[in-house]
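Student: Below are the chains, spelled out letter by letter.
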Amino acid sequence: MKFSGLKMSMVGLILAGALAGCGNAKDSDSTTSGSDDSKKTEASTELTGTVTAAGSTALQPLAEEAANEIQSSNPELTVTVQGGGSGTGVNQVASGAVDIGNSDVPSADKLEDKTKADKLVDTKVAGIAFAMVVNKDVKVESLTEKQIQDIFSGKVKNWKDVGGNDEKINVINRPASSGTRATFESILMKDAKIDDSLGTAQDSNGAVEQSVNSTPGSISYLAMSYLVGDKKDALKVLKINDVEPTTENVAANKYPFWAYEYMITDGEPKDAVKGFIDFVSGEDFADTVEKMGYIPMSELK
Amino acid sequence: MKGQKKSINYFVNEYIGKTIVTICGLLIVVATISIIAFICGKGLQSFLHGNISPWEMLTSTDWSPNDPKDKSYGALIFIVGSTLVSIGATLISTPIALGIAIFNNYISPKFGSTFVKPVLELFLGIPSVVYGFLGVTILVPFLRNQLGGVGFSLLAGIIVLSVMILPTIASISDDAVKGVPFEFLEGSYGLGSTRWQAIHRIIIPAAKNGILTAIVLGLARAFGEALAVQMVIGNTVKLPDSLYSPTSTLTGILTMDMSNTLNGTAWNDALWSLAMILLIISFLFILIIRMIGKRGMQNEQ
Numbered sequence: 001m002k003f004s005g006l007k008m009s010m011v012g013l014i015l016a017g018a019l020a021g022c023g024n025a026k027d028s029d030s031t032t033s034g035s036d037d038s039k040k041t042e043a044s045t046e047l048t049g050t051v052t053a054a055g056s057t058a059l060q061p062l063a064e065e066a067a068n069e070i071q072s073s074n075p076e077l078t079v080t081v082q083g084g085g086s087g088t089g090v091n092q093v094a095s096g097a098v099d100i101g102n103s104d105v106p107s108a109d110k111l112e113d114k115t116k117a118d119k120l121v122d123t124k125v126a127g128i129a130f131a132m133v134v135n136k137d138v139k140v141e142s143l144t145e146k147q148i149q150d151i152f153s154g155k156v157k158n159w160k161d162v163g164g165n166d167e168k169i170n171v172i173n174r175p176a177s178s179g180t181r182a183t184f185e186s187i188l189m190k191d192a193k194i195d196d197s198l199g200t201a202q203d204s205n206g207a208v209e210q211s212v213n214s215t216p217g218s219i220s221y222l223a224m225s226y227l228v229g230d231k232k233d234a235l236k237v238l239k240i241n242d243v244e245p246t247t248e249n250v251a252a253n254k255y256p257f258w259a260y261e262y263m264i265t266d267g268e269p270k271d272a273v274k275g276f277i278d279f280v281s282g283e284d285f286a287d288t289v290e291k292m293g294y295i296p297m298s299e300l301k
Numbered sequence: 302m303k304g305q306k307k308s309i310n311y312f313v314n315e316y317i318g319k320t321i322v323t324i325c326g327l328l329i330v331v332a333t334i335s336i337i338a339f340i341c342g343k344g345l346q347s348f349l350h351g352n353i354s355p356w357e358m359l360t361s362t363d364w365s366p367n368d369p370k371d372k373s374y375g376a377l378i379f380i381v382g383s384t385l386v387s388i389g390a391t392l393i394s395t396p397i398a399l400g401i402a403i404f405n406n407y408i409s410p411k412f413g414s415t416f417v418k419p420v421l422e423l424f425l426g427i428p429s430v431v432y433g434f435l436g437v438t439i440l441v442p443f444l445r446n447q448l449g450g451v452g453f454s455l456l457a458g459i460i461v462l463s464v465m466i467l468p469t470i471a472s473i474s475d476d477a478v479k480g481v482p483f484e485f486l487e488g489s490y491g492l493g494s495t496r497w498q499a500i501h502r503i504i505i506p507a508a509k510n511g512i513l514t515a516i517v518l519g520l521a522r523a524f525g526e527a528l529a530v531q532m533v534i535g536n537t538v539k540l541p542d543s544l545y546s547p548t549s550t551l552t553g554i555l556t557m558d559m560s561n562t563l564n565g566t567a568w569n570d571a572l573w574s575l576a577m578i579l580l581i582i583s584f585l586f587i588l589i590i591r592m593i594g595k596r597g598m599q600n601e602q
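Going line by line, the protein sequences match chains A and B. Residue numbers are given in this note's numbering: position 111 of the first sequence equals residue 111, and the series is strictly consecutive. Residue numbers are given in this note's numbering: position 39 of the second sequence equals residue 340, and the series is strictly consecutive.
Bear in mind the hints are in silico, worked out from the structure with no lab data behind them. Please read these numbers as outputs of a predicted model, since none were measured by experiment. Treat each hint with caution, since some may be false.
[As the list claims (entries may be wrong)] List time: in silico DSSO-like cross-link candidates among lysine-lysine, alpha-carbon distance up to 30 Å: (1) A:K190 to B:K539; (2) A:K136 to A:K231; (3) B:K539 to A:K160; (4) A:K168 to A:K231; (5) B:K319 to A:K146; (6) A:K124 to B:K370; (7) B:K372 to A:K146; (8) A:K146 to A:K231; (9) A:K193 to B:K539; (10) A:K124 to A:K254.
[Stated by the list, open to error] Every beta carbon over 12 Å from chain B, so not counted as near; a handful from chain A, in silico: (11) E46; (12) Q71; (13) S73; (14) D109; (15) V140; (16) K146; (17) N241; (18) V243; (19) K254; (20) K291.
Note that beta-carbon positions come from the ideal geometry of N, C-alpha and C, so glycine has one too.
Please construct the entire structure, taking both the sequences and the accompanying hints into account.
Tutor: Laid out in structure tokens, this is it:
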């Protein structure tokens, strides 16, 4: 046992040396102290084994795409990604059922038992911007935070009061436990409270998209990853305080409505799990991250 | 030797089979009891350890488990929503189902058994998500065009559910009507009644217990149905003020929030309590069916 451990670390050192010779910009960027040795080893060795991830449906498409890519360059690695919701993600990783719990919010926000939260390590893997979306018949281009608060708390009930046409506002919410809604509440609603007796609630991003598209005068909030490609034309995306939801505006701190996506592990991630998390948040995958409507970590520094 | 072999065979045939079927029988008992014990164990948490009173949960309409300051767990809205949508659906489908049963047995038995009955069975096999999709893409826009508003409503839920439970009620009523002795019909013809008089004065009253069982089973199915209703009812946390206003059901709030809340939190415990309420209500339905069955046997004696 001891011998094989020694052998492995030697292989690791040799590989680390070889990699340093290549002058990989990303790795030398992040190299600061001793713990990075293992990271270099991971980046260059073939990853093997299985990684299971479950949780957030907002992060799921990105994690699935990352799984596809990393598996094609590491044939010995199997990555399984499931949905289930952020709560499921934290639950499953806390109970040891999966290696990675995907979540829209930090694990401490979900757990009431703080002793459990100490064990869990949250790694930010990407940013995600959200947009206020309305049905195409709404003649408003931008809303201020105050106007959004008034609409969702029920103070304003007609589009003409916020500069639009004379039409009833149909509010569409996500259920109270949704991660997207939690982000919406903390960033835009602040102290104002969503009036749940207004309008309707839809279970998923997809269902919100469909009902905003088909309901006249409707307004809701949606992750930008659901607004790429031809889906963008199905709804109208609003500006907030006249700022458009783009990666540049989020990076420049102009657009407020965004959040980190987390991959949560029980203890510090290691081996294949670390390899996968590093890949998702890494430079090589950044283009795909942006193409899929998320914000790469490199933009958020 | 021969005799010994025979007795081994006898032993094998007699006891292995007996053991297997006994295990099967016990399995269902154990499974049912453990599910009930699990749900009650989880569901009672919020009353025993949390500070929610069962009375408050059953009678309050204030459901705000995510409010940081003032959390409350009143489930009356969901209980009323589930009850209204199930009773509404049963009121629509029972007369139609009864019509189908009479048509199949007395008006056109041949067409009924070769065509209507198989179609009914086919109908029974359609998955609930299909009804939900049809509801969202056809029924909700139709209601919106006819009646205005958003379309997601109690009414949409009732219509979708009534279609779903129709085959259940129809096929059980069909069996009940079929079970009425032929002499009853002959007797009433003998007294000079028309076919219609025989059906509504003799056949239906004679099949009353079976038909009641069908109705309660339909009601139970409607009460437990989650997905299709959740897709069209709007999920607004509000008591419906008319047939055309959106509301929520017990099953709807469970499917939406269960995966996003964490085990052990007060919110999650409250959802388990809702599941327990759902279970108790289903037991009440089963009790009613048994009582109807018992009354039927007494009548025959």
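Student: Checking a non-interface call: every C-beta of chain B should be farther than 12 Å from the C-beta of Q71 of chain A. Is that right?
Tutor: 26 Å, holds
Student: Are the Cα atoms of K146 of chain A and K231 of chain A separated by 30 Å or less?
Tutor: Judged against 30 Å, a Cα distance of about 28 Å means the pair holds.
Student: When you check the alpha-carbon spacing of K319 of chain B and K146 of chain A, does it fall within 30 Å?
Tutor: 73 Å, violated
Student: Mind checking the alpha carbons of K539 of chain B and K160 of chain A for me, to see if they're no more than 30 Å apart?
Tutor: With a Cα-Cα distance of about 26 Å, the restraint between K539 of chain B and K160 of chain A holds, given a limit of 30 Å.
Student: Given the hint that K372 of chain B pairs with K146 of chain A, does the C-alpha gap stay at or below 30 Å?
Tutor: Distance of about 25 Å is within 30 Å: holds.
Student: Below or equal to 30 Å on CA atoms is what counts here, so check K124 of chain A against K254 of chain A.
Tutor: 21 Å, holds
Student: Once the closest CB in chain B is found, is it more than 12 Å from K291 of chain A?
Tutor: With a cut-off of 12 Å, K291 of chain A remains clear of chain B, as the shortest Cβ separation is near 28 Å.
Student: Given the hinted pair K193 of chain A and K539 of chain B, is their alpha-carbon gap at most 30 Å?
Tutor: 16 Å, holds
Student: For N241 of chain A, which was marked as not at the interface, is the minimum beta-carbon distance to chain B over 12 Å?
Tutor: 26 Å, holds
Student: Taking 30 Å as the top limit, are the C-alpha atoms of K190 of chain A and K539 of chain B close enough?
Tutor: Holds - the C-alpha atoms of K539 of chain B and K190 of chain A are around 23 Å apart, at most 30 Å.
Student: Quickly compare the C-alpha distance for K168 of chain A and K231 of chain A to 30 Å and report which way the hint goes.
Tutor: With Cα atoms ~25 Å apart, K168 of chain A and K231 of chain A stay inside 30 Å; holds.
Student: Report holds if the minimum CB distance from E46 of chain A to chain B is greater than 12 Å, and violated otherwise.
Tutor: Holds, since 35 Å exceeds 12 Å.
Violation of the numbered hints given earlier is confined to hints 5, 14; the remaining hints are satisfied by the structure.
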